[in-house]
Amino acid sequence: MSVPSTASRRLQKEYQDLLKTPQGWMSASVVGDNLHKWKATVIGPEGSPFEKGTFEIDLDIPNDYPFKPPALKFTTKIYHPNIKSDGSVCSELLSQNWSPQLKIQDVLVTIRALLTEPNPDNPLEADIAQQFKTDRNAFNKTAKEWTKKYAK
Amino acid sequence: MSEDEMYDTYDGVDDDSAEESGNESQLDMDDEEDMDYEYSTQEVDYDDIHSSNRSNSKLTRQRSFEVLDKGELQSESKKLIKEVMDVLSINSESAVSILLRHLKWNKEKLIEKYMDNSDKLCADAGIPSLKLEKPVSTTMQKFSCLICLDELPPSQTFALSCDHRYCLPCWKGYLECKIGEGPECILATCPAPKCKVRVHEEAVKKLVETPTYEKYANFILKSFVDDNPQVKWCPAPGCIYSVRCDRKERKEAVTCKCGFQYCFNCNDFEIGDHMPCPCSQVDRWLQKASDESENVTWMLANTKKCPECRSPIEKNGGCMHMTCRKNAGGCGFEFCWLCRGAWSDHGSATGGYYNCNKYDKSKAKEDDEKAADAKTELEAYMFYYHRYESHKNAMKIADEQRRNAHQKEQQILSKFDVRSADTKFLMEATEQLLRNRRVLQYSYVYGYYLDKKSQERNLFEYLQEDLEKHTNQLSTYYELSIDKLEDYQAFIKWKEQVTNYTRITKKFLDNFVEGVAGGLTTQLSSKNN
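Order-wise, the sequence lines are chains A and B.
For the first sequence, the positions run 1 to 152 when our numbering is used.
For the second sequence, the positions run 1 to 529 when our numbering is used.
In case anyone wonders, no lab produced these hints; they're calculated from the structure.
Just to be clear, a hint being listed does not mean it is correct.
Unchecked claim - In silico PhoX-like links for lysine-lysine, alpha-carbon gap of 20 Å or less:
1. K52(A) / K141(A)
2. K70(B) / K232(B)
3. K68(A) / K196(B)
4. K396(B) / K68(A)
5. K78(B) / K107(B)
6. K257(B) / K370(B)
Use the sequences and the hints to build the structure in full.
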């Protein structure tokens with residue numbers, strides 16, 4: 001059994017499971033008929049400045065998935081110290097504690113946790129991280145504004 | 001100076017008498033390089049037999065380094081593992097391998113830590129149980145793999161001691177992926193989220209195909225060398241051998257099977273063997289050469305700072321009237337080069353525009369004297385550096401020189417009716433020349449750091465000059481074109497010349513090395529005469 005077919009079969013199963021049991025806070029679907037390209041949406045977690053925002057994320061799934069994690073990119077603009085202005089996220093976020101047992105849904109759980117709790121000590125956007133640390137109110141304000149403006 | 005240093009174990013008296021009787025010992029060169037002359041100190045313990053051995057003060061030839069190929073490396077690591085298994089009564093080779101790797105292959109440390117708290121050590125190393133695998137429970141009927149989400153018969157599954165069970169194809173895919181990522185694969189853990197239990201060699205062997213396993217085993221071997229201060233890869237490009245050296249501060253060069261001779265401690269292809277310098281001196285020298293510090297010295301010697309804006313200015317001719325040029329980033333200030341006073345103050349009162357009598361009393365004079373010192377120091381450095389470089393360059397073309405020597409051998413063989421044994425002297429001369437050049441190269445580093453006015457310096461320079469002179473003489477004879485040899489008689493004469501000079505320069509090289517190691521005391525100079 002070669003690795004790519006493991007990936008396809010597992011992605012197929014994950015997709016079917018998601019269709020069977022939809023989650024309120026997220027949705028994910030395959031783009032076209034390429035099982036290795038997914039589009040997901042995450043609803044901004046309650047209590048965070050991203051609350052009620054709908055954030056779209058592109059997932060690129062490698063051939064050796066699930067042994068390697070997917071790569072992801074926000075396509076919705078977001079004001080966050082760990083998400084670059086082009087939407088990319090530090091790859092360490094997923095690769096560091098990756099386990100082949102984790103699924104796309106787990107990836108999105110991690111993302112949602114990052115929205116609730118930014119990590120300003122490992123920022124991709126240093127200015128935002130600085131603001132997050134020193135002037136939380138200003139950060140929250142801008143983040144809320146951006147959520148309202150872009151994450152509809 | 002400790003007794004196991006090579007140089008002072010040369011027995012000077014023996015050496016001399018051998019020469020007087022015209023029987024200079026015919027040491028096999030290769031042998032000499034592989035061995036150290038040393039007292040068998042390693043054998044000395046409280047055992048009577050051994051200590052009597054020592055009182056005889058007999059010189060024994062003992063290897064203090066070993067060149068290892070892959071197979072030998074493998075058996076070395078296996079030997080170490082076996083030793084630990086015996087001492088600690090652990091019967092799993094894989095477990096001991098993990099423990100050893102965890103402590104950078106330090107056997108003593110492992111044994112100590114294991115004795116102290118084996119549970120903690122094993123947990124830290126990622127093997128909480130010495131039973132590294134968990135067999136399938138006999139009651140298990142059905143199995144669903146959490147990675148591929150397929151259902152499989154329990155017999156086609158595997159779990160480490162943590163009992164996170166996955167199917168065999170998923171294990172294979174997981175390990176292949178890890179091994180494909182490189183040397184860090186030897187730290188791979190169980191695929192379960194956050195599980196820290198380490199994958200062991202036996203499991204890898206069982207779960208992946210042979211070529212992949214071999215890759216993994218090579219990474220383990222690599223860690224054996226990389227983490228082990230006693231074993232290092234030969235630094236020569238493309239060389240596959242490694243060298244084990246048990247002595248911490250080995251001064252003499254080691255010679256790899258690839259032919260490269262180098263300092264084990266520095267382990268650097270560029271540096272190679274740096275006899276007679278200590279490693280620290282070579283460090284300092286290279287640091288000096290690469291630093292900007294010499295540029296600073298040059299600036300000090302050749303430039304003065306604009307008295308207004310402190311920009312450095314070089315005077316490359318002309319009169320004393322200087323202008324700090326704005327177009328070169330200066331301030332436009334005009335001043336006198338000698339006293340660094342404003343040019344506007346200069347006139348008849350200072351002995352005329354182009355004369356400055358302020359200089360002698362000025363602070364500027366002090367600065368100049370400092371600069372002159374710096375200039376002398378720089379010139380000294382340049383002297384040594386220049387010679388260091390030229391010998392180094394001669395070393396760089398060593399391979400080419402060896403090839404040329406082979407060509408010359410062929411020429412000789414086709415031109416004269418001689419056997420190939422009759423051309424052996426040419427290769428010997430080549431190697432001797434290279435050896436001399438290498439030592440000469442570093443002798444200029446050593447010389448640079450020698451106290452300028454000391455007695456040692458006199459003797460050092462005397463020995464160095466001797467060596468250099470004779471090396472150059474050998475080089476001249478050696479480079480004679482075969483075309484110039486008219487007949488067999490001429491060849492024989494030439495051969496004798498080269499052979500003699502090879503022998504003589506070897507003598508001078510030995511004297512030099514021995515002299516430096518002996519601390520350059522005056523007794524040795526008499527020997528040289």
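How the hints compare with the structure:
no.: 1; hint: K52(A) / K141(A); verdict: holds, 15 Å
no.: 2; hint: K70(B) / K232(B); verdict: holds, 13 Å
no.: 3; hint: K68(A) / K196(B); verdict: holds, 18 Å
no.: 4; hint: K396(B) / K68(A); verdict: violated, 46 Å
no.: 5; hint: K78(B) / K107(B); verdict: holds, 12 Å
no.: 6; hint: K257(B) / K370(B); verdict: violated, 52 Å
Against the hints set out earlier in the document, violations occur for numbers 4 and 6.
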